[in-house]
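S.K.: Sequence:
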Amino acid sequence: MSIERPTGTYKSQMTTPPEAWPTADEDTHGRRAGDLLKVALRLDAAASSWARSFTSIFDGNTWFGNASDAGKAKVQAVSDKTESVGTIIADSAAFHRHVAESIMNAKKHIVDICDAAQKVIDEMNSRTLSSQDDQQQRENAIREVIDRAYRANSAVVTSAGAAINTGQIYPPAADKDIPDFGSNIPSFSGPKGAIGGISGPASPPSLNNAADQGGGVKGAQSTAQAPPPAGAPEPAVATKGNLPAEPAAAPANSAADPQVVQNAGYTPPASANPSPAPPR
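Under UniProt numbering, the first residue of the sequence shown carries the number 1, and numbering increases by one thereafter.
Watch out, some of these pointers could steer you wrong.
List time: in silico EDC-like cross-link candidates among lysine to aspartate or glutamate, alpha-carbon distance up to 20 angstroms [stated by the list, open to error]:
{"no.": "1", "residue 1": "K81", "residue 2": "D91"}
{"no.": "2", "residue 1": "K38", "residue 2": "D91"}
{"no.": "3", "residue 1": "K119", "residue 2": "D27"}
{"no.": "4", "residue 1": "K119", "residue 2": "E101"}
{"no.": "5", "residue 1": "K119", "residue 2": "D147"}
{"no.": "6", "residue 1": "K176", "residue 2": "D112"}
{"no.": "7", "residue 1": "K38", "residue 2": "D112"}
Pair by pair, the computed Cβ-Cβ distance ranges are [said to hold, decoys possible]:
{"no.": "8", "residue 1": "A94", "residue 2": "R52", "range": "24 to 30 angstroms"}
{"no.": "9", "residue 1": "G65", "residue 2": "V85", "range": "29 to 35 angstroms"}
{"no.": "10", "residue 1": "D25", "residue 2": "A70", "range": "46 to 52 angstroms"}
{"no.": "11", "residue 1": "I169", "residue 2": "R143", "range": "33 to 39 angstroms"}
{"no.": "12", "residue 1": "A73", "residue 2": "K108", "range": "38 to 44 angstroms"}
If you are wondering where the hints come from, they were derived from the structure by calculation, not from laboratory data. If you're wondering where the values come from, they're calculated on a predicted model, not measured in any experiment. Even for Gly, the Cβ is constructed at its ideal location relative to N, Cα and C.
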């Protein structure tokens, strides 16, 4: 076959024979038409040669009489049959030529349909879809394109067969004969995350809730303070000059000296269990 059936994951489903792809071989019919045409031409040449001899024999002067009349009638009947056979052979050659041309046009039409459908499918498959809903929509849309192409190809096969049966030639396809497969494609508008509903990497914790996340820096736990109202005095900035003096450290392994404690500005708390006052 000069035109091979389209194959592939999707095109093979669009061209399932014999419904959506002609099983007839256009080359076989083309060769048959050529062979029959040769026979018809040879027969026509023989008939033309015999016609010239017939005229010269039965011209009424070379051979005449009852026998001549009987012979002339017999030869004329054979000549008529030869001419009829020649017509049949020529018609058969034309039939196979029309079949070959119709099959070729039908297959080219089907190939164009498959190419148009495949182009739309490739465009859909080139998209990166994140949500399962969008992926399911795409699968459904591809299935619809395949089914639509299959129906269109089946209609081509049926139309080509009808044209052949009525002695016509299935015409070549025009642009208007190719379905617009991109007209009913849904718009995929799902989120652009990871495929299968798996979200992407989590956002880093904000500074306001870093402590809640078990984070590290304490400063991240506090929120930004609101600015002071207009006209309010700015808070005093602590400096080394206005900081209270640090209390002096008590000597190691010694009881708290009241004088030292007093100098440090620290008043020890009263004993939780004071000793009872001595009786007077």
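S.K.: Run every hint past the structure and note whether it holds.
M.R.: Against the structure, the hints come out as follows:
no.: 1; hint: K81 / D91; in the structure: holds (15 angstroms)
no.: 2; hint: K38 / D91; in the structure: holds (13 angstroms)
no.: 3; hint: K119 / D27; in the structure: violated (29 angstroms)
no.: 4; hint: K119 / E101; in the structure: violated (27 angstroms)
no.: 5; hint: K119 / D147; in the structure: holds (15 angstroms)
no.: 6; hint: K176 / D112; in the structure: holds (12 angstroms)
no.: 7; hint: K38 / D112; in the structure: violated (34 angstroms)
no.: 8; hint: A94 / R52: 24 to 30 angstroms; in the structure: holds (27 angstroms)
no.: 9; hint: G65 / V85: 29 to 35 angstroms; in the structure: holds (31 angstroms)
no.: 10; hint: D25 / A70: 46 to 52 angstroms; in the structure: holds (50 angstroms)
no.: 11; hint: I169 / R143: 33 to 39 angstroms; in the structure: holds (34 angstroms)
no.: 12; hint: A73 / K108: 38 to 44 angstroms; in the structure: violated (53 angstroms)
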